[in-house]
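**Q** Chain by chain, the residues:
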Amino acid sequence: MLSSRQIIAVLATVRHKNISLAAAEIGMSRSGLSRALTQAEAALGVKLFDRSRVRISLTPHGELIFPLLNQIDGLYERLRCVDDLRQDSRRG
Amino acid sequence: MPNFTSNQLKAVAAADRLRSITRAAKELGLSQPAISKAIQELETGLGYPLFDRIPGGVKPSARGVKAIPIIEQILSAQHQISAEIADACGKAQQKICLGATFDISTQVLESIFQCLSLFFAIDTYTLRLIRGEDISRLLSGGELDCIVFAACTTETHVRSTPVMEAYFGFLHSPKVDTSLFLNDDIKRSLFDDRSAPHGRNLRYKIICLSGAPHSKNGPLLEIEHLDLAIKFLHTHTAVMGCTGLEAARDVAKGLQFTPVDISAQPKLMQVGVPRGPASTAHCELLREVLINGILNAPWPSYVRPFAAHRRRAPDPASSGSFHSRGEST
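Which chain is which? The protein sequence lines are A and B, in order. Just so you know, this note's numbering puts 164 at position 9 of the first sequence, and the rest follows in order with no gaps. Just so you know, this note's numbering puts 952 at position 40 of the second sequence, and the rest follows in order with no gaps.
Be aware that a few hints might be false.
[Said to hold, decoys possible] Which chain A residues face chain B? A few, computed with CB under 10 Å, are given here:
| no. | residue |
| --- | --- |
| 1 | Arg160 |
| 2 | Leu223 |
| 3 | Leu230 |
| 4 | Leu234 |
| 5 | Val237 |
[Stated by the list, open to error] Which bits of chain A does chain B cover? Going by a derived footprint, with three or more residues having C-beta under 8 Å, they are:
| no. | stretch |
| --- | --- |
| 6 | 168–177 |
| 7 | 210–221 |
Quick caveat, the hints were computed from the structure, so don't treat them as lab data. Positions of the beta carbon are idealized from the N, C-alpha and C atoms, including for glycine.
Let the hints inform the model, and build the full structure from the sequences given.
**A** Structural data, given as structure tokens:
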């Protein structure tokens, strides 16, 4: 199973198709993001990305699970909303 | 950016289900401090407590009530990812672990295995004999791919397998005496308003329901209860087979279960009773029911058992290798 950090790293990489841009967006170092992607691939036992000098793209396995990764990301967002509701109620 | 791990999510889900850190630790095979630490880390990352500590255990906090179902959805999606990849790689179906209660005969299991091998790329199976009280741990641990059990046969049987009936929703039936379900903890954990949360851990989500609903004092669970069970199975899991003779025939016709007055029927034959081997005719009928069920079941998107793995009909002379590694007591 993937950690939330690994999922965020994968999704950012898909959005930017570029390790540096993805790392900048989510506030990780370039090496940290690369390490997260490698750990995610190791955890699942398959390659998620085709890496080239210019672009990085999803493999068929990556394409397969991409909707589920998006779904999980949305669920984590909802978890954070629960927290926001708590803060709002305190302010109110 | 907090990092949430699957171990943290599992710890929360188990603690919620069992209402106890100690029992969650036991179920997950970890120490109590490890579970406490995992939950605390998740709570710190989220910024709010998920549990209130109460005498004898824990209960979800006000925010936990909202957050824990989301956590369970995340775990479910993670399981789907694993299943998608395993299916795509074609490597997960080499061996299947069938869970069966002790009153299912190996002859029936053999028939079930041969049926499954028509649709899944499985070569062997391992049998795990289970008691009702074990099912929670086995399912939550992801140790089973498929569960086979006999439901609603005799009163004694119902008493011996409370979890099975709870799992499949018989508690909803007003005609069932719920005092039969002896273990309140299991009842609560398996059958709360989230509808059998353990089922997600079954890889194939195939459940074989063996039904011969009678007891020495007359019908215990009537055909309409099996009808409820079928609807429940189709909504929340996937496939069932019913080996009560008339019931199985109805199911085989297209999974349309026609309620009948079983008091007017000849005594329904049982499959897999411990007192004798199942008949070949019943095994054939079970196979027919299962094949029909698999073909017509509303499989979730991440389970694709068909074209890629479909095989020729098995040679009746051949069978899956049998390895019993479970205990029935």
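**Q** Against the earlier hints, flag every one the structure doesn't satisfy and list their numbers going up.
**A** When the structure is compared with the hints, only number 6 turns out to be violated.
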